[in-house]
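Chemist: What follows is the residue order along each chain.
4 protein chains.
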Amino acid sequence: MIVVMKVGSAEREIDGVLERLKELGFKGSLSRGVERTVIGVVGQTYPELADELAVLEGVADVVPISRPYKLASREFKPEDTVIKVGNVTIGGGNTVVMAGQCSVDTEEQMMATARLVKEAGGHILRGGAFKPRTNPYAFRGLGEKGLQILATAREETGLPIISEVMDPRDVELVARYADILQVGSRSMQNFALLDEVGRSGKPVLLKRGMWAPLQEWLLAAEYVLAQGNGEVILCERGIRTFETSTRFTMDLSAIPAVKRLSHLPIIGDPSHATGHRYLVEPMAMASVAAGADGLIVELHPNPDQALSDGAQSLTFGGFRQLMERVGEVAKAVGRPLAAAS
Amino acid sequence: MIVVMKVGSAEREIDGVLERLKELGFKGSLSRGVERTVIGVVGQTYPELADELAVLEGVADVVPISRPYKLASREFKPEDTVIKVGNVTIGGGNTVVMAGQCSVDTEEQMMATARLVKEAGGHILRGGAFKPRTNPYAFRGLGEKGLQILATAREETGLPIISEVMDPRDVELVARYADILQVGSRSMQNFALLDEVGRSGKPVLLKRGMWAPLQEWLLAAEYVLAQGNGEVILCERGIRTFETSTRFTMDLSAIPAVKRLSHLPIIGDPSHATGHRYLVEPMAMASVAAGADGLIVELHPNPDQALSDGAQSLTFGGFRQLMERVGEVAKAVGRPLAAAS
Amino acid sequence: MIVVMKVGSAEREIDGVLERLKELGFKGSLSRGVERTVIGVVGQTYPELADELAVLEGVADVVPISRPYKLASREFKPEDTVIKVGNVTIGGGNTVVMAGQCSVDTEEQMMATARLVKEAGGHILRGGAFKPRTNPYAFRGLGEKGLQILATAREETGLPIISEVMDPRDVELVARYADILQVGSRSMQNFALLDEVGRSGKPVLLKRGMWAPLQEWLLAAEYVLAQGNGEVILCERGIRTFETSTRFTMDLSAIPAVKRLSHLPIIGDPSHATGHRYLVEPMAMASVAAGADGLIVELHPNPDQALSDGAQSLTFGGFRQLMERVGEVAKAVGRPLAAAS
Amino acid sequence: MIVVMKVGSAEREIDGVLERLKELGFKGSLSRGVERTVIGVVGQTYPELADELAVLEGVADVVPISRPYKLASREFKPEDTVIKVGNVTIGGGNTVVMAGQCSVDTEEQMMATARLVKEAGGHILRGGAFKPRTNPYAFRGLGEKGLQILATAREETGLPIISEVMDPRDVELVARYADILQVGSRSMQNFALLDEVGRSGKPVLLKRGMWAPLQEWLLAAEYVLAQGNGEVILCERGIRTFETSTRFTMDLSAIPAVKRLSHLPIIGDPSHATGHRYLVEPMAMASVAAGADGLIVELHPNPDQALSDGAQSLTFGGFRQLMERVGEVAKAVGRPLAAAS
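Chains as they are written, first to last, in my numbering: chain P, 2 to 342; chain V, 2 to 342; chain X, 2 to 342; chain B, 2 to 342.
So that you can see chain P by itself, here it is in the shape it has in the complex (with noise of 0.2 Å):
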């Protein structure tokens, strides 16, 4: 951390910034400029010392300079995390897709939509049995029921599950059923949530905050690790921006950078990001080749039918045209489809 003093601040300001170091416990390293001086932090920083320092006289501006996140990056574990999930390895240079319904709704159609996911070359079965909707009178999951139906899906096909859990009493219910638990966009920063799944023993896919900058982003990652679960997937769906022809603006950059930054494995969602079927494909094929680890998409027997976001749920004859289209862009970057689980 960085301590930049006004132009032309006192020496008596100077004094003062050093003195307030040394009683919160750490050294000064003075610097002066022929314009400014600026003040070094030495010792192990935390984000809020910006704040106790922005506010003293003289100083012009506090400027962090290492990461508030620790097992979350890359400088702390450099080697790529690779999680297994049943016979499906996620990180390790294949490319996986999780495929299903955005909500359980009837067995029969469950059971449909997991055949073809198998059936297609998909790895992971995905279904809502908990569903956060912005609105109080929509549709919101049949609970456990819902994980029922999930269960059975994967005993006939071997798929191993995942589902999203929001209210941190439910964890220890959707952990029961789950192998991999999803924390939706709008729950990345629900802390409460974030410390139970990071206490379940299972496996956690972490979709970005649709308002949250990569550095939050990998803190909410690091609440999860904090736990001593270090199986953390994150997931890029979106961010909100002032364009409104797709329902998020898909970051795809995020994907390179994240993988810079992080050890993490992270994975695309083009159907939620998008909110338009014939964007998915596209967007899914862009997302490997961007560097993702798999992708997450939507489908449905009947999509006009679906309980909830049936606009960007693609056909099963969609599914199986994006398995073959991504499959390829997945052999040309070298990062082919997993082998079917």
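One thing to keep in mind: the hints can contain errors.
Identical copies look the same in the list; a pair holds intra-copy or inter-copy alike.
Claimed, not checked - 25 Å max Cα-Cα, derived BS3-like pairs, lysine-lysine:
| # | residue 1 | residue 2 |
| --- | --- | --- |
| 1 | K119 | K85 |
| 2 | K85 | K203 |
| 3 | K71 | K7 |
| 4 | K119 | K146 |
| 5 | K7 | K78 |
| 6 | K28 | K85 |
| 7 | K28 | K332 |
| 8 | K146 | K78 |
| 9 | K85 | K71 |
| 10 | K203 | K28 |
| 11 | K85 | K332 |
| 12 | K119 | K78 |
| 13 | K119 | K23 |
| 14 | K71 | K203 |
| 15 | K7 | K28 |
| 16 | K71 | K119 |
Read the hints as simulated data drawn from the structure, not as lab findings.
Chain P is already provided as a structure; the job is to place chains V, X and B on it using the hints.
Modeler: Using the frame of chain P, we list chains V, X and B on its own:
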């Protein structure tokens, strides 16, 4: 809701939409333009319907024309909602000031703060016992101990207290102490929490999510209202934009815009919105001029040593001056400071 | 400017940076922390230098610590800039109101508007003769004919006039008629235009680009100042964000923030920022409460028939009421409406 | 365009709207719902009409349903536009790479760059002679001297050249040398410039404004098309969002979205979009996977000494590797690299 057909859509496609509407229990009202045909949907629609119709063949777009929230809307309840907390009336044509520390730290400091708030004419005492922190290693608040300190401060000063709750499991505890439950920006779409505070029997201060358009914010309020709790106070606290010289961008036009859409009272939080002490007073004055029913601001006997958000906390002198200057503006706009509680 | 080296950077890399600095005419001041080494750059830096240093081996980050603009900064000129236009003084502690039509249409309507502005106590008359239109088929303004109508209105009412210029080739023409040249939001980084208005000898109203952080805005002002024209008035007119219920998001905190960074006067444009007539008055009042030196607003004798931006234009009655209510706020904050011109 | 009346609007208000429509030459088609009445506007509407109708009594909202651009739309011209520049074909199913220096500096360096572009299989040579700079004191380009260097490079290598123009007064000059005129992001709504390049007889590369939703971008293209110049190439180069770890946020979903709305070819600029050298290759590959017709990238024989944007310029080795890797993806998606020019 209006279904806009593509230019040159076939009769068969138009019939398909009309039939589907019938299946779903709606009536379609056809209108043929020079270029396009549009179909008005007659019946009580819901937001998901747009997705269900958008995927039908020949459909170019589906345009919702009524708002998805109901209880929160001014169409539903034309007169302003007025909320009484102790002797204080929020939303009744006066300006109410909530003030205090971001985090409760020591009893001594909190008591000093409480006395100053009282003496300077503030109405409600704020203090965080549970703190949302982007960083897992930062101070997360004193918990129940903090609530007890607040209760002591209320006893001595007579000021009602407001405190944040983040975990649905803590609602009962916080509601035992606090007069108003605060739901923070990051929790705006924590739906489990919204349900719980909706059942708490206490007034709720609902901060705007930093990513939330007005409609999503009012839908979050609807969650609380739908539980039978009509006492929701909205709070504008800044949204995330590209501008980084302030912590967030305070969207003051949200205040008169919400007043038109909804009957709920709305206040401004210039401390969190700007993140800089020198911006708090001008943005407090501007909030009141824009039509806010009140303010929530941070102060600290010794801001440089505050456990969180020191850089945006006012000094005691700064708060006294703010009360004076805000008082002048409040008078000028015809919504004077409420009588001290 | 500070060069932050990577954790564990080699001596050779540090030497490389120091050597490169020497080549470029700077001195490097070394400071070794526990984890990292940082190098302060001593000398008169420029923004591009950051890029040149960022690519050197071992460099983690380059942090600029002095601002790239100079003439526009308060450090360079501590006292407020005050601009005289006719009898009107902008930036001298009073509140100045510029008002008129978005586009000049007929002489009859423009004269009616001018008389109303004068009568209601407005100070400067606005009217667009050249209009930026996102759509090539929309009305683009009357050109010189419009400027002549404005000149006639000035003659009759004595109000100075302000009008927009978009094309560097038109600067001379517009400067022949107008007392203040307006540079619109979309032209904020039209550098050829900034150079020309900088050479025009006329005061310049520089609107903020809807994409511009404060620093880019002040750099645009620096373009004009660098041509020897010190009379720049800044104008906050809203930035582009995800919120769509207003046309733009008016960033009122920019007003006190700019006041601290720069000596230039700054006004608010609530008409374009909000795009809705009912929001103009509250946001005008809020602008003044936030510290604005004035306002620019649109009105029209018959807003429903205005050739552009009718939806945000005030009626004559609406403008009279705004002047009264803004006058109350202006008095309350100690910057009363300027005497009528 | 559809006029949505308020809930409970009076017959008199509905009649008012119908009458006004008649006055303006339109027909209104009435549709009464359970809650509201909506009025379809029959006739060739224009965007301003929405504003004119929105202000009428009883109107809740006006919803445009046809797009305001025409020549740029796929409805107007269903087949892809293909543009020939020298031997290179843009938009015809192959991937075209434009590459070169951000700024032309010395003839020696530029020639080295040109030879490398040629040798590595690039198709078009870029080089800036006029540079938009946010800072008035930064290097603004060599002007005509730079264009002459580019012409020499074309002569030797046979590569067509592209160069930016910012000032309408320079269009004739730049068009004398360059094969494609580039309009930069900051000039996207420089309407005088758009008119001039529209009359230049040269193909135009139109970069997206960093603030521009797709519709405004296509309207800017419409300006050029409306002058009779049908050869417009769009270029996605990142939009401004809250994320600061990249210079801009590259919105790759814009590529397939534009392909659906318009017949114009579209390419990606990963250098400016990301601002970081290590992100250029992955985002180049992702652009092609998302459906881009080509790329524009920056390289430099000695990026650390480039006069502008060195931090995002590829080294020669980096460019060779990018061509190889992009080539693999291009093949995989069925749009292989065009034959070398």
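Chemist: Going back to the hint list, which numbers does this structure go against?
Modeler: Of the numbered hints given earlier, those the structure breaks are 6, 7, 8, 10, 12, 13 and 16, listed in rising order.
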